[in-house]
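Novice: As a plain string of letters, each chain reads:
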Amino acid sequence: MTTTLYTTDHEWLAIEGDVATVGITDYAQSQLGDVVFVELPKLGRVLKKAEAAAVVESVKAASDVYAPVTGEVLETNPDLASEPALVNSDAQGKAWFFKIRIADKSELGGLMDEAAYKAHTA
Amino acid sequence: MSVRDDRDSLRRTPLYDLHVSLGGKMVPFAGYDMPVQYPAGVLKEHLQTRNQAGLFDVSHMGQIALRPKSGKVEDAARALERLVPQDIVAVAQGRQRYAQFTNADGGILDDLMVANFDDHLFLVVNAACKAEDEAHLRANLSDACVIDSLADRALIALQGPKAEAALAKLCAEAPAMKFMDAGPHQVAGLACFVSRSGYTGEDGFEISVPAADAERLARTLLENPDVMPIGLGARDSLRLEAGLCLYGHDIDTATTPVEAALEWSVQKSRRSGGARAGGFPGAEKILAHFDHGASRRRVGLRTEGRAPVREGALLFADSAGGEPIGKVTSGGFGPSLNAPVAMGCVPTSLSALGTKLFAEVRAQRLPLTVAAMPFVKNTYKR
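Protein chains in written order, with UniProt numbering: chain A, 1 to 122; chain B, 1 to 382.
In short, the hints are calculated from the structure, not lab data.
Glycine included, C-beta positions come from ideal geometry on N, C-alpha and C.
Hints are not guaranteed to be accurate.
One side only, chain B facing chain A, incomplete, derived with CB under 10 Å [stated by the list, open to error]:
1. LYS44
2. LYS169
3. ARG310
4. LEU314
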């Protein structure tokens, strides 16, 4: 069973057990415009909640993506290097950024469900 | 996402309603509420301009008529030469030239276009500088000229390989114009000033039109299926690929025309030994830079990877250690090249084509190579 949660900074997390798959929301990609480059965290890096974890570069500007929870980076999406435009076409699917092992599940308490996120971006 | 700025104080161009109706994403720029992009997005808008034609609202820029009190345009030209290092007297009727207002230190106060309209000069200056430029002209040229701010005119740029055909339907004289020709022409029956120039590296036109008629003209041009509206985002990526300077970024009050690699824009008549050498603000320093070289220079920069190197990134000679040797003045992603492009200011000793440099991006040093500009070949109709 997968639970999807959202941050106020427009990241999504799909949570299965103690692993979260993280990306940016469709709303975020629509605000950024055409994505031309994504910089991902190194495997094994231990990210602290709210730390800059990845960078999304659009034609216009660079934007940080923050770690939504504390934990170790287990996997990064190899497709984003060759096809950064996936972030525009499938932000909440194929364009996941990285997977992280959730160190402290209590950190999930501050995140939003889909209805709350929709209200946040309305 | 950032909180929207208070927009109440922003000015609107005569095409504001058009931008909103076309779905333009409006952002503050130089005191105006301007479209940074339309629903197509920066990438598509950029490629549309390179492959077909794009329509840009540049009405925020300043349009100024310099009317000689004597009635002779040459007197206005001689007067303007007190403020710019260009040969304005030699600009023939119906022609336009790129120029810079310089300061006493040889730096650039603004860059501008100057056209000879037979009985007066027509100037186009940057939006962010236009109030200061007008004051500068009034303070220095009022003995010889009436400085007439043409605030009741809009300015529309039509750029790209299909621009000529699109404008020809509304202005029979357009196809016969050559790069940097400029003059009054009827466009769709409206009293316009048309120049064959732009800020994209493409063939194209800039059309000054009475504000009241601007939306009608823009809508008529947009009825052509080859023409799409283009926002400021693509305007910036287009000019960057074309190697063109953005005032306040690549050139400023601390950069001389020689440091900015704009020697081509200063005619021999105004350089040492020329018929009207000097006589403009900062001439001593600028002519010394011509005669003996400057210690730094604006160059083009290409990266190896896909990570864009943006304005402000520090430049280094080596992959580790050492002090910064310069910085990136403009940088981003070039959609036509499908690669990052940048310009920077570096010591002249490190400005030769092919020189390897490094830019600091997020605490890493990315390799760069000094590269020829324009990055994309221009297609001006000469």
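Novice: Against this structure, judge whether each hint is valid.
Specialist: Hint check results:
1. LYS44: 8 Å, holds
2. LYS169: Check failed: Cβ of LYS169 (chain B) comes no nearer than 31 Å to chain A, outside 10 Å.
3. ARG310: Nearest chain A Cβ about 6 Å off; hint holds.
4. LEU314: 15 Å, violated
Consistency with the previously given hints fails for numbers 2, 4, ordered from lowest to highest.
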